[in-house]
Amino acid sequence: MARINNLQDLNKRREQGMASLFPSKTKVMVGEATCGLATGAGLVHKALAEEIEKQKLDIMLRKTGCIGMCYREPLVDVIEPNRPRLTYSRLTPKNVPAFLNQVLEGNHKSKKPYCRIDEDVFIGNGETRRYFSGALPDDLGEVSPMSEIDFYEKQVRIATRNCGYLDPDNIDEYIARGGYFSLRKALSSMQPEEIIEEVIKAGLRGRGGGGFPTGYKWQSCRRAHGEVKYVICNGDEGDPGAYMDRSIMEGDPHSVIEGMIIGAYAIGAHEGYIYVRDEYPFAVNALSLAISQARECGLLGENILDSGFSFDIQIGKGAGAFVCGESTALMASLEGRAGEPRAKYVHTVEHGLKDRPTNLNNVETWANVPVIVGRGSEWFSEIGIENNAGTKVFSLVGNIRNVGLIEVPMGITLREIIYDIGGGTPKGKQFKAVQTGGPSGGCIPKDMLDFPVSYDELSKAGSMMGSGGMIVMDETSCMVDVARYFLRFLESESCGKCVPCREGVYRMRQILDDICVGRGREGDVELLESMSEAIIDGSLCALGGSAPNPVLSTIKSFRDEYDAHIRDKKCPAGVCKELA
Amino acid sequence: MNEVSISEDAVKTIVEKYHGEKSALISILQDVQKEYAFLSKDALNLLSQEMEIPLSSVYEVSTFYNSFSLVPRGRHVIEVCAGTACHVKGGPKLRSRLETELNLECGETTEDRMFTLEEVRCLGCCSLAPVVKVDGDIHAYLEEDKIPGILKNYRNERRQSGEN
Numbered sequence: 001m002a003r004i005n006n007l008q009d010l011n012k013r014r015e016q017g018m019a020s021l022f023p024s025k026t027k028v029m030v031g032e033a034t035c036g037l038a039t040g041a042g043l044v045h046k047a048l049a050e051e052i053e054k055q056k057l058d059i060m061l062r063k064t065g066c067i068g069m070c071y072r073e074p075l076v077d078v079i080e081p082n083r084p085r086l087t088y089s090r091l092t093p094k095n096v097p098a099f100l101n102q103v104l105e106g107n108h109k110s111k112k113p114y115c116r117i118d119e120d121v122f123i124g125n126g127e128t129r130r131y132f133s134g135a136l137p138d139d140l141g142e143v144s145p146m147s148e149i150d151f152y153e154k155q156v157r158i159a160t161r162n163c164g165y166l167d168p169d170n171i172d173e174y175i176a177r178g179g180y181f182s183l184r185k186a187l188s189s190m191q192p193e194e195i196i197e198e199v200i201k202a203g204l205r206g207r208g209g210g211g212f213p214t215g216y217k218w219q220s221c222r223r224a225h226g227e228v229k230y231v232i233c234n235g236d237e238g239d240p241g242a243y244m245d246r247s248i249m250e251g252d253p254h255s256v257i258e259g260m261i262i263g264a265y266a267i268g269a270h271e272g273y274i275y276v277r278d279e280y281p282f283a284v285n286a287l288s289l290a291i292s293q294a295r296e297c298g299l300l301g302e303n304i305l306d307s308g309f310s311f312d313i314q315i316g317k318g319a320g321a322f323v324c325g326e327s328t329a330l331m332a333s334l335e336g337r338a339g340e341p342r343a344k345y346v347h348t349v350e351h352g353l354k355d356r357p358t359n360l361n362n363v364e365t366w367a368n369v370p371v372i373v374g375r376g377s378e379w380f381s382e383i384g385i386e387n388n389a390g391t392k393v394f395s396l397v398g399n400i401r402n403v404g405l406i407e408v409p410m411g412i413t414l415r416e417i418i419y420d421i422g423g424g425t426p427k428g429k430q431f432k433a434v435q436t437g438g439p440s441g442g443c444i445p446k447d448m449l450d451f452p453v454s455y456d457e458l459s460k461a462g463s464m465m466g467s468g469g470m471i472v473m474d475e476t477s478c479m480v481d482v483a484r485y486f487l488r489f490l491e492s493e494s495c496g497k498c499v500p501c502r503e504g505v506y507r508m509r510q511i512l513d514d515i516c517v518g519r520g521r522e523g524d525v526e527l528l529e530s531m532s533e534a535i536i537d538g539s540l541c542a543l544g545g546s547a548p549n550p551v552l553s554t555i556k557s558f559r560d561e562y563d564a565h566i567r568d569k570k571c572p573a574g575v576c577k578e579l580a
Numbered sequence: 001m002n003e004v005s006i007s008e009d010a011v012k013t014i015v016e017k018y019h020g021e022k023s024a025l026i027s028i029l030q031d032v033q034k035e036y037a038f039l040s041k042d043a044l045n046l047l048s049q050e051m052e053i054p055l056s057s058v059y060e061v062s063t064f065y066n067s068f069s070l071v072p073r074g075r076h077v078i079e080v081c082a083g084t085a086c087h088v089k090g091g092p093k094l095r096s097r098l099e100t101e102l103n104l105e106c107g108e109t110t111e112d113r114m115f116t117l118e119e120v121r122c123l124g125c126c127s128l129a130p131v132v133k134v135d136g137d138i139h140a141y142l143e144e145d146k147i148p149g150i151l152k153n154y155r156n157e158r159r160q161s162g163e164n
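Chain order of the listed sequences is A and B.
Per the working numbering, residue 1 is the first one in the first sequence, and the count goes up by one each step.
Per the working numbering, residue 1 is the first one in the second sequence, and the count goes up by one each step.
Bound conformation, chain A alone (with noise of 0.2 angstroms):
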């Protein structure tokens, strides 16, 4: 691969790049995420090869990444010259044969398309791409447009622009949906300050969970005393329930190392590390060529694109710690200790990684950045509400009819997204809560459904924004086990340096277990109430002193099932064998 070193580089790269996303024949594009590959794309793409290969058919084969509609994997894109490009969903090995007939004939005899798309906005840039000229196919008007489907009407698709889009391997593709440009145009034509100046504008926070303005961070970091700081990307996604970051990892690394360079550049910083957790083979897959790929073209390492900048990125791996999401445990685990945390009072801005000052942001918040630097701070913070600038990834699960990965304005509410997008509760069964910000999170039942999603409100509403895990539940779900659930988890997470968490959560989980097998007492939500408030009081870090938010938010909003399985020894949802 030939370095990139001025703006005909990188525009030349633009066009192969285009060449390879609108090709003059025929392409066929499966989705192979890890949430595709578990259910057949795998096997659907070795099929499809298999087929072109002995038919000797002329067809670009190629994989992408996860467009988010979960609920209709595997998905198989097919793009042809001079027509809209057709979805189809649910393809098997079986299917491929007169599936790829019925490519060759132009018609729909053996599936019919789940949906088209007609022109392809890039976000990264602002162009619009069309994939036909002229009026829509005769035989295509039966099809939905994918953005009038109710699942993607209301989304904005920013951090995941490129999942789904293109081949998360090919670099060009990158490029060519706008990909690296402005990381060209920091190291060209603007100053450290000027960015982080940007990126303060934009009103970017924090996409892990905790909100904090982004910018701020990095101007803290950048002010730091220190000859070597460090820019971190937190891919530890420990949140059950949660896989935005995996998707874009999987989906659009080179949005998450470009994100990176440019953050480096505004801080100083000359090193950097992907923080991925073990659970997520395909993502270490996917960023360890993204990286190398960005290597050979100069675009990582050192004299980036000729600027005379250097900086390059390492990828650590976790080791299955829920607690190493946690930034100064994550920099414990980095440096090859246990990933306890420490206390706060000194900033990892100032004393990070090495006790060097140190910059952490998550996948989501790096994959924002090239945007805002491309786009502008204006056009960026226009979208969302006040104090809440941009859109959010969640993963809609659950109890949902469309389960899926979604991007959306902040602000939208949350019964837009589980009613409008997500169809809300299938199989006729009553909508109970919707459970958000992992086990750091809370309940929210349906009385809170028109609470806009932000930072803010959702933290009135009893629960957080956290990184983006969406659970609803239904009535069979019974909320004192789900408060259980969230304590088990947390107490075999607790890094047990510091009591209140190590003891507190387990003695909780105790009087939890006692109250779902029938041995519950009159006093014992009060006992909760007061140990949470200890635990919250007294614990080190976020995990801590979070840990008794799922018990506190179920207590305030399902009281009633709480008594009810204390005095009428009933489990009102059936979920407690013991007291079923």
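If you are wondering where the hints come from, they were derived from the structure by calculation, not from laboratory data.
Please note that the accuracy of each hint is not assured.
In silico SDA-like pairs for lysine to any residue, Cα to Cα no more than 25 angstroms straight-line [said to hold, decoys possible]:
1) LYS354/A - GLU52/B
2) LYS317/A - THR100/B
3) LYS317/A - TYR65/B
4) LYS93/B - SER492/A
5) LYS93/B - ASP474/A
6) LYS429/A - LYS152/B
7) LYS17/B - GLN293/A
8) LYS93/B - GLY320/A
9) LYS427/A - HIS139/B
10) LYS497/A - TYR65/B
11) LYS317/A - VAL517/A
12) LYS577/A - ILE147/B
13) LYS17/B - VAL517/A
14) LYS152/B - PRO93/A
15) LYS133/B - PRO281/A
16) LYS25/A - LEU61/A
17) LYS17/B - GLY301/A
18) LYS497/A - LEU55/B
19) LYS317/A - SER67/B
20) LYS354/A - GLN49/B
21) LYS34/B - ASP278/A
22) LYS317/A - LEU70/B
23) LYS22/B - ASP278/A
24) LYS317/A - ALA37/B
25) LYS22/B - ILE315/A
26) LYS34/B - TRP379/A
27) LYS146/B - ASN95/A
28) LYS34/B - PHE282/A
29) LYS146/B - TYR71/A
30) LYS497/A - ALA37/B
31) LYS22/B - ASP312/A
32) LYS570/A - SER96/B
33) LYS93/B - VAL575/A
34) LYS570/A - LYS146/B
35) LYS17/B - PRO93/A
36) LYS93/B - TYR71/A
37) LYS429/A - TYR141/B
38) LYS201/A - TRP379/A
39) LYS93/B - VAL517/A
Following the hints, position chain B against chain A.
Using the frame of chain A, we list chain B on its own:
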């Protein structure tokens, strides 16, 4: 516990791959575990000497992280996802069925060393809940009644490949 003999050279090669850097301990442990399927006492001792890290620290790290095992595991590792979406959609039923079918408790290995059953925090396949991962393969939307058939397939696989 140490039925597997550790090749000193193999471990040294792994350490050299990371230039003996102390900060690479986790990656090194992962590679050693990949080679031997678990971390034996000999392996930990050897790493401690080679990397000049106290054995207590090597032990601390290898017991802190969930993905390390200090006991030999079965030929097939079954991981039941305990993520929230899986919990809501019936993950606990899958777990107890697996425990019944394999006649063990989560975290244990069958006597014939065929299967190890483990719980994993969240596999990030929440849209396919409930899921169980056997070796590298994810079984999506799994129903309890399909478990005996799946286990049988893995058992037969071994018989077919002629190993015993």
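For each hint, the structure was consulted:
Restraint check: the Cα-Cα separation between LYS354/A and GLU52/B comes to about 19 angstroms, which is no more than 25 angstroms; the hinted pair holds. Proximity of LYS317/A to THR100/B is assessed by CA-CA distance (about 34 angstroms); at most 25 angstroms being required, the pair is judged violated. Among the hinted pairs, LYS317/A with TYR65/B is consistent with the structure: their alpha-carbon atoms are about 12 angstroms apart, no more than 25 angstroms. Annotation: proposed proximity of LYS93/B to SER492/A holds, straight-line Cα distance about 20 angstroms (limit 25 angstroms).
This hinted pair checks out: LYS93/B and ASP474/A have alpha carbons roughly 18 angstroms apart, not beyond 25 angstroms. For the given pair, LYS429/A sits about 35 angstroms from LYS152/B by alpha-carbon distance, which is inconsistent with the 25 angstroms threshold. The hinted pair formed by LYS17/B and GLN293/A meets the criterion: a straight-line CA distance of about 21 angstroms does not exceed 25 angstroms. Between LYS93/B and GLY320/A, the direct Cα distance comes to roughly 23 angstroms. Compliance with the 25 angstroms bound is thereby established for this hinted pair.
This hinted pair checks out: LYS427/A and HIS139/B have alpha carbons roughly 23 angstroms apart, not beyond 25 angstroms. Under the criterion of a C-alpha separation no larger than 25 angstroms, the hint pairing LYS497/A with TYR65/B is consistent with the structure, at around 14 angstroms. In summary, the hint linking LYS317/A to VAL517/A is not supported, as the alpha carbons are separated by about 40 angstroms, beyond the 25 angstroms threshold. For the suggested pair LYS577/A and ILE147/B, the alpha carbons sit about 21 angstroms apart, so the restraint of at most 25 angstroms is met.
Under the criterion of a C-alpha separation no larger than 25 angstroms, the hint pairing LYS17/B with VAL517/A is inconsistent with the structure, at around 52 angstroms. With a C-alpha separation of about 23 angstroms, the suggested pairing of LYS152/B with PRO93/A holds against the 25 angstroms cut-off. Distance check on the hinted pair: LYS133/B and PRO281/A sit about 13 angstroms apart at the alpha-carbon level, within 25 angstroms; holds. With a CA separation close to 11 angstroms, the supplied pair LYS25/A and LEU61/A stays within the 25 angstroms bound.
Between the alpha carbons of LYS17/B and GLY301/A the distance comes to roughly 21 angstroms, so the proposed pair stays at or under 25 angstroms and holds. For the given pair, LYS497/A sits about 20 angstroms from LEU55/B by alpha-carbon distance, which is consistent with the 25 angstroms threshold. At most 25 angstroms may separate the alpha-carbon atoms for a hinted pair to count; LYS317/A and SER67/B meet this at roughly 11 angstroms. Simply put, LYS354/A and GLN49/B have alpha-carbon atoms about 23 angstroms apart, close enough for the 25 angstroms limit, and the pair holds.
Annotation: proposed proximity of LYS34/B to ASP278/A holds, straight-line Cα distance about 13 angstroms (limit 25 angstroms). Simply put, LYS317/A and LEU70/B have alpha-carbon atoms about 19 angstroms apart, close enough for the 25 angstroms limit, and the pair holds. The hinted pair formed by LYS22/B and ASP278/A meets the criterion: a straight-line CA distance of about 19 angstroms does not exceed 25 angstroms. This hinted pair checks out: LYS317/A and ALA37/B have alpha carbons roughly 18 angstroms apart, not beyond 25 angstroms.
Restraint check: the Cα-Cα separation between LYS22/B and ILE315/A comes to about 16 angstroms, which is no more than 25 angstroms; the hinted pair holds. Taking the CA atoms of LYS34/B and TRP379/A, the gap is about 48 angstroms. The hint is violated against a cut of 25 angstroms. Note on LYS146/B and ASN95/A: the hinted pairing holds, with a Cα-Cα distance of about 24 angstroms set against a maximum of 25 angstroms. Between LYS34/B and PHE282/A the alpha-carbon distance is near 17 angstroms, which keeps this suggested pair within the 25 angstroms criterion.
With a CA separation close to 21 angstroms, the supplied pair LYS146/B and TYR71/A stays within the 25 angstroms bound. Taken as a hint, the LYS497/A and ALA37/B pair is broken in the structure, with Cα atoms around 29 angstroms apart against an allowance of 25 angstroms. For the hint pairing LYS22/B with ASP312/A, the CA-to-CA distance comes to about 20 angstroms; that is within 25 angstroms, so the pair holds. Note on LYS570/A and SER96/B: the hinted pairing holds, with a Cα-Cα distance of about 22 angstroms set against a maximum of 25 angstroms.
Annotation: proposed proximity of LYS93/B to VAL575/A holds, straight-line Cα distance about 11 angstroms (limit 25 angstroms). For the hint linking LYS570/A to LYS146/B, the alpha-carbon distance of about 31 angstroms lies beyond 25 angstroms, and the restraint is violated. Restraint check: the Cα-Cα separation between LYS17/B and PRO93/A comes to about 40 angstroms, which exceeds 25 angstroms; the hinted pair is violated. In summary, the hint linking LYS93/B to TYR71/A is supported, as the alpha carbons are separated by about 22 angstroms, within the 25 angstroms threshold.
A distance of roughly 19 angstroms separates the Cα atoms of LYS429/A and TYR141/B; the hinted pair therefore holds under the 25 angstroms criterion. Restraint check for LYS201/A and TRP379/A: satisfied, since their Cα atoms lie roughly 10 angstroms apart, inside the 25 angstroms limit. Of the pairs offered as hints, the one joining LYS93/B and VAL517/A holds, with about 17 angstroms between alpha carbons and a cut-off of 25 angstroms not exceeded.
Consistency with the previously given hints fails for numbers 2, 6, 11, 13, 26, 30, 34, 35, ordered from lowest to highest.
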